[in-house]
Amino acid sequence: MDNLIQYLISSLSLGGLYALMTLGLVVVYGILRLINFAYGELVMVAGYGLLLFGNTTLAWPIVALLSIAVAVVAAVVMERVAFRPVRFASASTMLITSFAVSTLLQNTTLLAISPRPQAVRLPSFFVESVAIGGLRFRVVDLASLTVSIVALVLLSILLRRTTIGLALRAAADDFTMTRLLGVRANHIISAAFAISGLLAGIVAIFWVGRSSLVEPAIGLQPVLIAFIASVVGGMENLKGAVLGGYLLGFLTVGLQTWLPQALLDYRNAVLFGIVIVILLLRPEGLIRPAYSRERR
Amino acid sequence: MPLLLVDGLHVRYGAIVALRGMSLTVDEGEIVGLIGVNGAGKSTTMNAIMQVVRPERGRIEYNGASLIGLAPEAIIRRGVAPVMEGRRIFPGLTVEENLKLGAAIRSDREAIRADIERWCAFFPILGERLTKPAGTLSGGQQQMLAVARALMSRPRLLLMDEPSLGLAPKLVSEVFTLIAELRDLGMTILLVEQNVRKTLDIVDRAYLVNTGRVEFAGTPDEIRQQADLEQAYLGGGREAGGGRNASPSASRLPPPASARTSIRG
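Quick mapping for you: the protein sequence lines, in order, are chains A and B. So the first sequence is numbered by the numbering used here: it starts at -13 and just counts up by one. So the second sequence is numbered by the numbering used here: it starts at 278 and just counts up by one.
Just so you know, these hints were derived from the structure itself, not from any lab. Treat the hints loosely; a few may be bogus.
[Unchecked claim] Here are some, though not all, of the chain A residues that point toward chain B, as calculated from beta-carbon distances under 10 Å: (1) Thr149; (2) Leu152; (3) Asp159; (4) Arg165; (5) Leu167; (6) Val169; (7) Gln247; (8) Ala248; (9) Leu249; (10) Arg253.
[Stated by the list, open to error] Per label pair, the in silico range of CB-to-CB distance: (11) A/Arg196 x B/Ile402: 32 to 40 Å; (12) A/Ala129 x B/Gly404: 43 to 51 Å; (13) A/Arg146 x B/Arg390: 12 to 20 Å; (14) A/Asn93 x B/Arg395: 37 to 45 Å; (15) A/Arg147 x B/Gly404: 20 to 28 Å; (16) A/Pro47 x B/Arg336: 35 to 43 Å; (17) A/Val139 x B/Asp385: 25 to 33 Å; (18) B/Gly285 x A/Asn172: 39 to 47 Å; (19) A/Phe85 x B/Gly285: 43 to 51 Å; (20) A/Val59 x B/Gly404: 21 to 29 Å.
These numbers were taken from a predicted model, which means no experiment stands behind them. The beta carbon of each residue, even a glycine, is placed where N, CA and C say it ideally should be.
Could you put together the complete structure from these sequences and hints?
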């Protein structure tokens, strides 16, 4: 029972993080049909924000907020500079553009800062644990669990209750028709990228927090996880992204907890094996679009 | 000065020429039909007016100003609203959300609310299903939603592309009744239709389009009197569309890829 609760907390914590990562990827894909592989670099940019601002005398919450803001700005600028010129080019042109942006940002960081991992100053709660009802939990797990759920609820309110949220949902369904109602394409796409950057920034804090280190390739794993989770959950749909993220979190922690010691090295092989089986059974992902329609 | 002027318009999709010198005018308060067989270039004309496809050459002027090179969203903001072929409602959003999006260019919240009530009174079924996903509506109801959504922007000119397409005969009559009612409200409408007989019953003037240009223009009576045209292009049948093989370009043009690439941001 105790094990189970601890497993649940760890899974919800990691799964929440994965869900935010995946949403950041899918919110852009839904509108531009672009899998933005430079998304990981938004995590990296926020990570270096933590390093940079962490070396000042600013209070840590300010450092965290500034780092998230850096990711938001980087995302909007990325769209403006790299993706807007190729917006209506083929899907493969946009995909290759995203690889180019990713490579460029990683190598710029590598040359300008350092190829080596840098230690980031983090507040003590990242390594502390608390006892609740006789069980010990890592504070950072509880924090990321809470933050991810709050972020998901706020995002859901944004999408359901606001005008821009309504436009985003419509554009994800039929972008051209949304424009034919007078909604400005640039506004929607900028908003989608800003949300993507915001999620990447939040993810970065906990992702960097796991090792207290930041390096140029730190965004690689988040973008891969987000990609796999979005394929499993269903590319078309934000609920699918959340579901895929949590599922991947539960599987990862579950395998880590219950795989025999000898098999632990093959954790990822088992994980991806399960992913393949899911995709064989449901090639469109777990959540299919309710009203499927052709791409326009 | 006409409200809408299209002059010498040429459009091609790759090697396929869709429009070769299309010309028409729509005056304020008029309801004008654009009729002809499948593939004649009617929908392409509409897509060119909305700048969803880019014309090779020719003029498109609305209220005296050129629309060429504008983004679709800028054209809506000038007072033109399209009801696109296939209805293009957002099936996952509620009826109310669809209507709200129709008012995307407006910011007068109170008046938007009043307009939603107005169109729900006009189309009672929409009022009843306001909070339901639009995808749960029937084809005819979706068409009403598409029209109501377009009207939410308070357009000066309404473009309607094949509003009767794919509807059961009874619903087709309902849609034409609706267009007649909109005419009585004083709307200016350019109506693209394959259903020639019903269109001629409600329009002030019509253009008969064939292979990318106007074949004949006139009042409904003048067009009906052209018995030869009736034979050649109207197919003589109850529903037009029997002339599928009437022209070499009669195949449905493939809009998705080409249309998408031609939209500018």
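Hints, verified against the model:
1. Thr149: Holds: closest Cβ of chain B sits about 8 Å from threonine 149 of chain A, inside 10 Å.
2. Leu152: Holds: closest Cβ of chain B sits about 6 Å from leucine 152 of chain A, inside 10 Å.
3. Asp159: holds (5 Å)
4. Arg165: holds (5 Å)
5. Leu167: Holds, about 5 Å.
6. Val169: Check passed: Cβ of valine 169 of chain A comes within 5 Å of chain B, closer than 10 Å.
7. Gln247: Since chain B brings no Cβ nearer than about 47 Å to glutamine 247 of chain A, farther than 10 Å, the hint is violated.
8. Ala248: violated (47 Å)
9. Leu249: Cβ of leucine 249 of chain A sits 42 Å from chain B, so the hint is violated.
10. Arg253: violated (37 Å)
11. A/Arg196 x B/Ile402: 32 to 40 Å: violated (54 Å)
12. A/Ala129 x B/Gly404: 43 to 51 Å: holds (47 Å)
13. A/Arg146 x B/Arg390: 12 to 20 Å: Hint holds: Cβ distance 18 Å, inside 12 to 20 Å.
14. A/Asn93 x B/Arg395: 37 to 45 Å: The hint (37 to 45 Å, Cβ to Cβ) is violated, given that asparagine 93 of chain A and arginine 395 of chain B are roughly 59 Å apart.
15. A/Arg147 x B/Gly404: 20 to 28 Å: Cβ of arginine 147 of chain A to Cβ of glycine 404 of chain B: about 22 Å, so the range 20 to 28 Å holds.
16. A/Pro47 x B/Arg336: 35 to 43 Å: For arginine 336 of chain B against proline 47 of chain A, whose Cβ atoms are near 59 Å apart, the range 35 to 43 Å is violated.
17. A/Val139 x B/Asp385: 25 to 33 Å: holds (31 Å)
18. B/Gly285 x A/Asn172: 39 to 47 Å: violated (32 Å)
19. A/Phe85 x B/Gly285: 43 to 51 Å: Roughly 44 Å apart at Cβ, these two residues keep to the hinted range, so it holds.
20. A/Val59 x B/Gly404: 21 to 29 Å: violated (44 Å)
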